[in-house]
Amino acid sequence: MLITLNGQDKPVADGTTLIELACQTGHPPERLVAELNKAIIAREQWPRIALKEGDSVELLTFVGGG
Amino acid sequence: MSDSLLLAGKEFSSRFLLGTGKFPNKADLKTSILASGTKIVTVALRRIDPERHQDNILEYIPEGITLLTNTSGARTAEEAVRIAHLARAAGYGSWVKIEVINDSKYLLPDNAETVLATQILAAEGFNVLPYISPDLYTARQLVAAGAAAVMPLGSFIGSNQGLRTRDFIRVLIEEIPLPVIVDAGIGAPSQACEAMEMGAAAVLVNTAIAIADNPPLLAQAFARAVTAGREAFLSGLPEKREQAQASSPLTGFLHP
Amino acid sequence: MPAAMPISPASIQNLLENQNVQQLESLAQAARKATRQYFGRAIGLYTPLYLSNYCSSHCVYCGFHSHHPIKRVKLSAEETDREMRAIAATGIQNILLLTGESPQATPLDYLKNAIRLAKKYFQGITLEIYPLSNDGYRELYLEGADGITIYQETYDRSRYREVHLAGQKTDYDFRRNAPARIAHAGMRQISLGILLGLGPLAEDLYALYSHLREMEQSFPGVEYSLSFPRLRTINSQNFAGTAVDDTTLVKILCLTRLLFPRTGINLSTRESAEFRNRALEIAVSRISVGSRTTVGGYLEGSRENAPQFDIADERDAEETLGYLRDHGFDPVFTDWRRIANT
Numbered sequence: 774m775l776i777t778l779n780g781q782d783k784p785v786a787d788g789t790t791l792i793e794l795a796c797q798t799g800h801p802p803e804r805l806v807a808e809l810n811k812a813i814i815a816r817e818q819w820p821r822i823a824l825k826e827g828d829s830v831e832l833l834t835f836v837g838g839g
Numbered sequence: 040m041s042d043s044l045l046l047a048g049k050e051f052s053s054r055f056l057l058g059t060g061k062f063p064n065k066a067d068l069k070t071s072i073l074a075s076g077t078k079i080v081t082v083a084l085r086r087i088d089p090e091r092h093q094d095n096i097l098e099y100i101p102e103g104i105t106l107l108t109n110t111s112g113a114r115t116a117e118e119a120v121r122i123a124h125l126a127r128a129a130g131y132g133s134w135v136k137i138e139v140i141n142d143s144k145y146l147l148p149d150n151a152e153t154v155l156a157t158q159i160l161a162a163e164g165f166n167v168l169p170y171i172s173p174d175l176y177t178a179r180q181l182v183a184a185g186a187a188a189v190m191p192l193g194s195f196i197g198s199n200q201g202l203r204t205r206d207f208i209r210v211l212i213e214e215i216p217l218p219v220i221v222d223a224g225i226g227a228p229s230q231a232c233e234a235m236e237m238g239a240a241a242v243l244v245n246t247a248i249a250i251a252d253n254p255p256l257l258a259q260a261f262a263r264a265v266t267a268g269r270e271a272f273l274s275g276l277p278e279k280r281e282q283a284q285a286s287s288p289l290t291g292f293l294h295p
Numbered sequence: 002m003p004a005a006m007p008i009s010p011a012s013i014q015n016l017l018e019n020q021n022v023q024q025l026e027s028l029a030q031a032a033r034k035a036t037r038q039y040f041g042r043a044i045g046l047y048t049p050l051y052l053s054n055y056c057s058s059h060c061v062y063c064g065f066h067s068h069h070p071i072k073r074v075k076l077s078a079e080e081t082d083r084e085m086r087a088i089a090a091t092g093i094q095n096i097l098l099l100t101g102e103s104p105q106a107t108p109l110d111y112l113k114n115a116i117r118l119a120k121k122y123f124q125g126i127t128l129e130i131y132p133l134s135n136d137g138y139r140e141l142y143l144e145g146a147d148g149i150t151i152y153q154e155t156y157d158r159s160r161y162r163e164v165h166l167a168g169q170k171t172d173y174d175f176r177r178n179a180p181a182r183i184a185h186a187g188m189r190q191i192s193l194g195i196l197l198g199l200g201p202l203a204e205d206l207y208a209l210y211s212h213l214r215e216m217e218q219s220f221p222g223v224e225y226s227l228s229f230p231r232l233r234t235i236n237s238q239n240f241a242g243t244a245v246d247d248t249t250l251v252k253i254l255c256l257t258r259l260l261f262p263r264t265g266i267n268l269s270t271r272e273s274a275e276f277r278n279r280a281l282e283i284a285v286s287r288i289s290v291g292s293r294t295t296v297g298g299y300l301e302g303s304r305e306n307a308p309q310f311d312i313a314d315e316r317d318a319e320e321t322l323g324y325l326r327d328h329g330f331d332p333v334f335t336d337w338r339r340i341a342n343t
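As given, the protein sequences belong to chains A, B and C, one line each in that order. Residue numbers 774 to 839, in our numbering, belong to the letters of the first sequence in order. Residue numbers 40 to 295, in our numbering, belong to the letters of the second sequence in order. Residue numbers 2 to 343, in our numbering, belong to the letters of the third sequence in order.
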């Protein structure tokens, strides 16, 4: 199925959970923050959230900044 | 008696804050943090690049350092609030530096949007450090909103011009019952020292150190300058003396 | 963080005790420079009108206190109107309305009526009256008053108790907190002060300066001024605790100007013409003109009743204005014209 990740189309397997998506990025999940369809999802919830067609996900992390 | 920096009820042993942006070599960031003794660093939140894996900045920030999430990228209060919420969800505490900029030419902060964001986030329990153009009315509104400090800019971000706004910063130091942390535009340790001599509570430096040839050495110099300026302030600097005017006596009549 | 006061009672005491003539001159030069910088040569002018000498307080140093067997007089509306017209004819545009401490004789409505009458003749209306509640000040403000003058006399509580023996004036805190109520009510101008010679001088100056700073912090939009009336004789009787000489008063004016460069400094006709003239050169920005301190007194042949204090500068308005103009001062009759207080 197709979801949007950080503004770009991304095909993922049906039933992919948020935690699985996060792990696929190569970033340690504990360093990431996730928004699903504009709502912030707490990290404990990620294993329980199965993505659906058309979902928009934002994955963010801390970077250097002033 | 301790002279720690007191922010939102927490004590910090250093009055030097370090920004982590623009460091070409992340390892330098870690060494700079250690060499300067800073206890508060700013970080930003960005989308990860799903295609590339980058070292996470947090790897380079030692334990025990308070992360101050900068809402850079926000152009409105709403965006700043969203970023703050994201940072909190990341589990790294509730310290946020509000930076709302809708001006890509000068990078001047939007004081009005900053006040709005502060009102919302302070009410939600965040420790809010708002970055502003030094304006007395804005600062008073921030006090009322529950900010933990005010952060007036010294000069344009990245310009290294020092305390161009010194007279206005002085007004804030005099009138605002919150720590005044000078941020932006500080390019040399002498400028940081000057800010502390004036009575600023702390100073934040980023660009000057990040782009230096030897960031850790410069970070250490800055930290020492901040300490020197603070000690000068505490010791009570003598007033610059006016020259006496030669003119007809005003008080001769009192002792004829 | 607002800085601590840059001086202490001890450093004020040092200044008062310092005999060095050169240092005094330097101090005066610095004060003059600051005055020129922030006020130019502008001198604000006003005339006081005592509406009533009825008083239920007993302040031992005052010519009007409740135990003086003086004739008690209160201006009727018609008398008030005529007195005001006489003052306005001199060209003065700011009036200070004064009463003794008697809410019974001169209640709020009486004061409001006086303001209503004053509005016909004067652009600036201030009052020096007994302390009111917040609501009371608000009513005066809405009626058209621009400001209030209220002196704590002395900030030393035990001395305050010694000299204020009866009546509402015995309430130290109600009086001290009046400026905050006045500012809350919306008034634009507040004048504070101490009576020199009444209380411990260095401590009283420090307390006055602290009070002003407090007010500036909490109510930054108000225009403040300070006065330093020296205890004077009343019908040649002297009530001062310690005499305050001319040199001391000059030091006080200089110190005040340097600590508060933008705050008005007022010198009334308690001081002689000679002294006022000299002080104008150094640090004063506001003076009363052609004053009478009896009730009314501006109409021909009406100086019948007891004065609050003896006047030392007896020049009338025309003489005073002449002096100001001849010496390059800029007499200011009005700062603004009122549209309405809301």
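Be a bit skeptical, because a hint or two may be false.
Below, a sample of chain B positions facing chain C; criterion: calculated Cβ distance under 8 Å [stated by the list, open to error]:
no. : residue
1   : LEU106
2   : HIS124
3   : LEU125
4   : PRO288
5   : THR290
6   : PHE292
The set of hints was computed from the structure by calculation and includes no laboratory data. Quick caveat: nothing in here was measured; it's all calculated off a predicted structure. No residue lacks a Cβ here, since even glycine has one placed at the ideal position from N, Cα and C.
Taking the hints in turn, this is what the structure says about them:
no. : hint   : verdict
1   : LEU106 : 25 Å, violated
2   : HIS124 : 31 Å, violated
3   : LEU125 : 32 Å, violated
4   : PRO288 : 6 Å, holds
5   : THR290 : 5 Å, holds
6   : PHE292 : 5 Å, holds
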